[in-house]
Each structure stands twice: as structure tokens, then as C-alpha cells.
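Q: So you can see what is in the structure, the chains are spelled out below.
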Amino acid sequence: MKVLIIEDEPSLRNSIREYLEHQGFICEVAADFRAAIDKVTDHEYDCIVADIGLPFGSGLDVVHELKTLKSRAGIIIISAKDSLEDKLSGLELGADDYLTKPFHLSELNARINALLRRKNFDGNTHISFSEITVIPASKAVLVHDNAITLTGKEYQLLLYFIANQHRVVTKSALAGHLWGDAYDQAGSYDFIYTHIKNLRKKMLEAGGEDYIKTVYGTGYRFG
Amino acid sequence: MKLLTKTTLYFIILMLPVFAAGAFYLFHQFNKEIKHETDEELVNDHLEWLRYLDTASVNNPIFRFQTQEFRLIPTHQPVQQKFKLKGVALYQETEDTYAPFRELSQVINLHGQHYQMILRKSMIEKDDLLKNIITVMLLAFGGLLLFVVLSNWFISRQIWRPFYRSLDKIQQLQLNKMETLRFAPASTYEFNQLNKTLNQMTHRIHQDYINIKELTEDAAHEMQTPLAIAQSKLELLLQDENLSGEQLKNIGQAGEELQRLSRLHHNLLLLAKIENQQFPVTLQTDLCQVLTQYLSLFEELVHEKELTIETSLVPVARWPLHPALADILISNLLGNAIKYNYPGGRIHLSLTDKTFRIANTSHLPEIPPANVFQRFRKNNPVYTNSNGLGLAIVKKIGDSYAIHITYQYLDNLHIFTASR
Chain Y
0 MKVLIIEDEP SLRNSIREYL EHQGFICEVA ADFRAAIDKV TDHEYDCIVA DIGLPFGSGL
60 DVVHELKTLK SRAGIIIISA KDSLEDKLSG LELGADDYLT KPFHLSELNA RINALLRRKN
120 FDGNTHISFS EITVIPASKA VLVHDNAITL TGKEYQLLLY FIANQHRVVT KSALAGHLWG
180 DAYDQAGSYD FIYTHIKNLR KKMLEAGGED YIKTVYGTGY RFG
Chain C
0 MKLLTKTTLY FIILMLPVFA AGAFYLFHQF NKEIKHETDE ELVNDHLEWL RYLDTASVNN
60 PIFRFQTQEF RLIPTHQPVQ QKFKLKGVAL YQETEDTYAP FRELSQVINL HGQHYQMILR
120 KSMIEKDDLL KNIITVMLLA FGGLLLFVVL SNWFISRQIW RPFYRSLDKI QQLQLNKMET
180 LRFAPASTYE FNQLNKTLNQ MTHRIHQDYI NIKELTEDAA HEMQTPLAIA QSKLELLLQD
240 ENLSGEQLKN IGQAGEELQR LSRLHHNLLL LAKIENQQFP VTLQTDLCQV LTQYLSLFEE
300 LVHEKELTIE TSLVPVARWP LHPALADILI SNLLGNAIKY NYPGGRIHLS LTDKTFRIAN
360 TSHLPEIPPA NVFQRFRKNN PVYTNSNGLG LAIVKKIGDS YAIHITYQYL DNLHIFTASR
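Chains as they are written, first to last, in numbering that gives the first Met the number 0: chain Y, 0 to 222; chain C, 0 to 419.
None of these hints come from the bench; they were simulated from the model. Quick caveat, the model's predicted, so the values are computed rather than measured. There could be a bad hint or two in this list.
Under the rule of at most 27 Å between Cα atoms (straight-line distance), these lysine-lysine pairs were calculated in the BS3-like manner [what the hints assert, rightly or not]: (1) K34(C) - K5(C); (2) K201(Y) - K304(C); (3) K232(C) - K212(Y); (4) K86(Y) - K304(C); (5) K83(C) - K120(C); (6) K80(Y) - K176(C); (7) K248(C) - K152(Y); (8) K152(Y) - K304(C); (9) K304(C) - K196(Y); (10) K212(C) - K80(Y); (11) K232(C) - K1(Y); (12) K38(Y) - K138(Y); (13) K196(Y) - K212(Y); (14) K200(Y) - K248(C); (15) K304(C) - K212(Y); (16) K34(C) - K196(Y); (17) K212(Y) - K248(C); (18) K232(C) - K86(Y); (19) K80(Y) - K83(C); (20) K176(C) - K34(C); (21) K86(Y) - K212(C); (22) K176(C) - K200(Y).
Listed next, with one range per pair, are the computed distances between beta-carbon atoms [stated by the list, open to error]: (23) T40(Y) - E274(C): 40 to 46 Å; (24) S349(C) - T40(Y): 57 to 63 Å; (25) V280(C) - T150(Y): 33 to 39 Å.
Think of the CB as a built atom: it goes at the ideal place given N, C-alpha and C, for glycine as much as any other residue.
Taking the hints into account, I'd like the entire structure generated from these sequences.
A: Structure below.
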């Protein structure tokens with residue numbers, strides 16, 4: 000899967016690249032508007048991660064250009080401007096998702112994965128991790144071909160873990176993923192633990208291995 | 000009071016005494032004139048009578064002739080050189096009333112005998128004349144007054160029209176739609192000046208508004224980018240498998256604090272945006288739907304704490320609020336009610352078209368009223384997750400969109416009410 004990262008801040012660009020490459024993506028980068036336009040006209044990408052504020056132009060214009068080129072690439076806008084107009088105009092122009100800075104790399108990765116599932120396979124495929132199989136179309140989860148029943152939140156957690164397999168994901172990243180902006184109303188992250196406990200239990204009962212490792216004081220690692 | 004009503008009223012108040020004084024003066028003058036005329040007639044008659052009486056013999060029946068208009072009364076008073084004039088009222092048998100008369104009297108000497116001669120003239124007809132004159136005068140004055148007041152009203156209305164047009168525009172002013180606002184030139188110099196000034200002013204306000212808007216957005220950009228970099232670096236650092244547990248925990252905590260900083264910044268910007276009215280009311284938001292959505296979002300939290308939620312909601316409650324603000328209003332209040340509750344506590348929710356009321360139990364004591372909506376005034380030491388802005392934001396939404404937000408502590412319940 001090829002991803003183009005359009006971001007003018009070198010440090011952030013490199014972080015995103017490092018994380019995504021580790022998760023198995025082939026990444027290319029563009030540091031400004033012109034480089035971005037050159038890249039999207041010359042190459043095909045599965046997903047494009049575009050910042051709005053760029054030297055020589057706007058990320059929104061890149062989205063516009065992609066639509067003119069009839070590109071099939073999924074587009075995720077990342078912006079520091081938490082402005083509703085930007086978000087709406089980005090989505091109206093044809094972007095698929097919008098992420099406000101600062102974001103968790105694990106969240107960006109999960110969104111790219113979800114987007115690619117929707118785009119490339121119209122949801123008609125399955126995701127595998129060892130003995131675990133997830134069929135997104137029917138939201139079914141199989142462990143050793145035994146179907147297990149997960150709640151909505153547990154299902155979301157599992158997908159998040161598989162997308163960010165072998166990586167430490169923080170509790171706040173999980174909370175943000177499950178509850179969105181409302182998670183800072185939660186008061187504590189204790190309730191995440193309940194969901195994790197239940198998910199782990201259900202997978203163990205179906206004969207799966209315990210892939211969810213608690214990372215002391217920080218979060219969890221899957222696989 | 001409207002300007003037009005006020006000027007008309009002042010006009011009437013000023014004109015009434017002037018007209019009254021005018022009417023009184025005219026009445027007085029007429030009265031004097033009529034008296035004068037009557038007196039002149041009496042003096043003429045007096046001369047003629049004197050001439051006639053001089054030639055009359057002693058036996059003339061005139062010496063026994065007595066009417067209201069003429070009488071000669073024998074008297075012992077000394078002869079008067081000069082006649083006297085005065086007004087008297089005499090009884091009229093036929094009409095059973097007193098009628099006004101002018102009277103001329105003089106003691107004269109006729110054939111060695113002193114007589115008091117009295118000549119009178121009725122003023123009844125002249126009185127009627129006066130009354131007629133007064134009526135006509137009053138009618139004329141009244142008509143004039145009415146005409147003046149009406150024309151003043153019409154002229155004022157015509158003249159002030161551009162002013163009311165401008166006023167109307169100012170009242171409907173919305174910050175984010177100000178660039179299209181133009182006050183058209185008027186034919187009156189002063190209004191023209193006013194509209195010019197208003198044009199300049201709205202232009203300047205709009206510029207300021209754009210500047211502040213850009214500033215907040217730029218500030219967001221400048222602040223969130225370094226935060227995003229730092230957070231991503233920490234997240235990458237976490238992946239290092241050689242780290243000890245203690246190091247992982249420290250990195251995790253640093254990440255948490257960055258998150259908190261970012262949220263804080265986000266909320267401060269949000270406050271500024273609400274204050275700038277950057278969330279126009281374009282449509283009515285159904286608060287019931289928002290509330291239901293957040294109730295299901297917070298379901299686990301409620302379940303975890305074993306809270307009992309009692310609701311009394313109307314099926315549809317449309318409030319004039321931007322959807323983003325409706326979300327914030329509901330999530331902040333509901334979030335607080337859950338966060339500060341104790342396990343097994345209660346939450347009461349009621350929602351109508353006009354009021355939203357949320358009451359919850361808590362171990363926390365009553366919040367001092369002065370502190371409730373203060374920024375950074377954390378009313379509890381327990382939760383580090385709080386940034387002390389949630390209620391300030393709720394209050395700011397209320398202030399900016401005409402929603403009244405109040406706090407009460409009753410029967411061990413913390414009660415927040417939003418009403419419009």
C-alpha cells in the first residue's frame with residue numbers, strides 16, 4: 000500500500016513516515032504544495048495524508064487536484080486549524096477524513112486502514128491476525144473459525160489493535176478513538192480497562208492466545 | 000417612547016399653552032372692545048337725553064318714566080359733574096335669569112330738583128356675539144393645532160425614514176456577514192454622515208473580526224504543530240523495546256501532559272471563538288437528539304459507576320444553537336454530572352423547548368456561586384483531568400446566544416439549568 004505524506008514540518012513528516020513504514024506501508028513524502036502536485040500527477044497512491052497549511056498553496060487545492068485527476072486514492076486531511084469551515088470544505092471537496100493536530104500516530108494509522116478497507120475492497124474482505132479473522136462487512140470476528148460476539152466498542156478496539164499491531168498504543172489514544180472529542184469528559188481512563196478485559200476474555204474463551212499486553216502505566220501492545 | 004411620538008408630544012405640550020394664552024388674550028380684547036363700544040353708545044345717549052331733558056317741562060311724563068334702560072330718580076345727593084360707568088347684572092322676569100348690562104349714572108339738576116339719571120344697555124346680544132367669536136376662534140385654533148401636529152408627524156416620519164432603515168440594519172447585524180452590509184446614502188446631510196460613519200465602523204469591525212479570527216486560527220496552528228511533533232516523537236519513543244517500565248511510564252505521562260496542554264489550548268480558543276460569535280445560528284438544533292447521542296456515548300461510564308438516570312424529555316426540542324455548540328453544551332454538562340458523581344449516584348435530566356435541567360448527586364459540596372463559571376476555578380482537587388474551562392465554556396455559550404445558565408444546590412443535588 001502506497002501512502003503519500005504531504006506535510007511541511009520535517010519532524011512531523013518523519014514521525015508519520017516512520018510509524019507508517021513500520022506498519023507496512025510504502026511511504027513517499029512531499030514538503031510543499033508544488034512537490035505534492037508533482038507527486039500526485041506522476042504517481043498513483045492508495046492513500047494521501049495532506050496538511051492544509053503548506054508553502055506555495057493549500058492542502059485543500061491538492062484535494063481539488065486529486066479530484067480533477069479522478070484519483071482513487073483515499074484522502075485524509077490533517078490540520079492544525081480546528082476550524083469548522085476547513086473541515087467542511089475539505090470533506091465537501093472530496094476528502095475522506097479529517098484529523099486535527101495534534102493526533103496520535105496510532106489513530107492516523109487506524110484511520111488509513113479503515114479508509115483503505117472502504118476504498119479498495121468496498122468492505123468485502125477480511126482482516127487476519129494469526130488465528131483471528133475479522134470480516135468488516137458483517138462485523139463478524141472469528142477465532143480459530145469460532146465466531147465470537149463482541150460489543151461495538153470491543154470490535155472497534157480489536158480493529159484498532161490489529162491496525163497498530165506490535166506497537167504501544169496509549170490509553171488516551173484508545174479513549175480518543177472510542178469516544179472522540181467527548182473523551183476528556185470521561186474523568187478517567189478506567190473504563191477502557193473494562194473493555195479490554197472483556198475483549199481479552201472473549202478471545203481466550205474461543206481458544207485464542209492472549210495478544211493484549213499491558214504496558215506499565217502507559218497503555219497496551221497487541222501481538 | 001418612539002422619536003415621532005416624543006416630538007409630537009413635546010410639540011403639543013408646547014403649543015397648548017401658547018394657543019390657550021392666545022385664545023385668552025383675544026377673548027379679553029374682544030370683551031374690552033365690546034364694553035368700550037357699549038359705553039360709547041351710553042355716553043351718546045346720555046348727551047342726547049341731557050339735551051332733551053333740558054327742553055322738557057316739569058310735567059313731562061318722562062320724569063315718571065321707569066324702565067330698565069332709563070330711569071330718573073329724585074335724590075338729595077349733590078350734582079355730579081362727571082357720569083359714572085359700570086357693569087351690572089339685572090333680573091329678567093321673562094327669562095328668570097340675570098343679564099349683564101352696562102350702566103351710566105349721574106346726578107343732575109333739572110328745574111332745581113336733583114335727579115339721578117341711570118342709563119343702561121343690555122350686553123346680552125353682544126355677549127352672544129362674543130361667544131360666537133370665541134367658538135370660531137377655538138375651532139380655528141384647534142384645527143390649526145391638529146394640522147400642525149399632523150404635518151409635523153408626517154414630515155418627521157419622512158425625514159427620519161433613512162435613520163430607521165439604518166437602525167433596522169444595525170439591529171440585524173451579524174458579525175460574520177458584515178462584509179456585505181452597506182448603508183445607502185441618504186438625502187439628509189446628517190444621516191448621510193451617520194451612514195458614512197456606520198459604513199466605516201462596520202468595515203473596521205469586520206476587519207477586526209477577520210483579524211481576530213485569523214489570529215486565533217494562526218495561534219492554533221503555531222501552537223498545535225509543535226505539540227503534534229512532540230507527541231508523535233513520544234509515541235515513537237514508546238515503541239523502543241529497550242525501555243524500562245519506569246521510562247515507559249515517564250514517557251506516557253509526558254504524553255498525557257501534552258494532551259492536556261493541547262486540550263486546554265483548544266478550549267481557550269473555543270472560548271475566544273464563541274465570544275467572537277464565530278458559530279452563527281444557521282439552523283435550529285434538536286437538543287433531544289444531541290442528548291440521546293451523548294447518553295449512549297457515555298453509556299459505559301454510567302454503567303461503570305452504576306448511576307441511575309431519570310429522564311423527562313420532549314421528543315423534539317429545537318434550540319437556536321450551532322450544532323457544534325449544542326454538542327459542547329450537552330457533553331460538558333452531562334460529562335460533569337457523570338464525572339463528579341459517586342458510584343450508585345443519580346442524574347435527573349429534563350428537557351423542553353425552553354429549558355434544559357440537569358441535576359446530579361456528588362460528594363462534592365455546593366460550589367460557591369461566585370466560582371461556578373469562573374475560568375480555571377477548579378472546584379475539586381480530586382480530578383486532575385479537569386482543566387477548569389468546561390463550565391466557563393457553557394456559560395460563554397449561554398451569554399453569547401441568549402441562553403440563561405444557572406446553578407443551584409438543592410436537596411444534595413447540583414443543578415444546572417439552561418433556559419431561553
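Q: Hint by hint, note whether the structure agrees.
A: Here is what the structure says about each hint:
no.	hint	result
1	K34(C) - K5(C)	violated, 44 Å
2	K201(Y) - K304(C)	holds, 23 Å
3	K232(C) - K212(Y)	holds, 22 Å
4	K86(Y) - K304(C)	violated, 35 Å
5	K83(C) - K120(C)	holds, 14 Å
6	K80(Y) - K176(C)	holds, 21 Å
7	K248(C) - K152(Y)	holds, 26 Å
8	K152(Y) - K304(C)	holds, 18 Å
9	K304(C) - K196(Y)	holds, 17 Å
10	K212(C) - K80(Y)	holds, 11 Å
11	K232(C) - K1(Y)	holds, 23 Å
12	K38(Y) - K138(Y)	violated, 36 Å
13	K196(Y) - K212(Y)	holds, 11 Å
14	K200(Y) - K248(C)	holds, 26 Å
15	K304(C) - K212(Y)	holds, 26 Å
16	K34(C) - K196(Y)	violated, 119 Å
17	K212(Y) - K248(C)	holds, 15 Å
18	K232(C) - K86(Y)	holds, 26 Å
19	K80(Y) - K83(C)	violated, 107 Å
20	K176(C) - K34(C)	violated, 77 Å
21	K86(Y) - K212(C)	holds, 16 Å
22	K176(C) - K200(Y)	violated, 56 Å
23	T40(Y) - E274(C): 40 to 46 Å	holds, 44 Å
24	S349(C) - T40(Y): 57 to 63 Å	holds, 58 Å
25	V280(C) - T150(Y): 33 to 39 Å	holds, 37 Å
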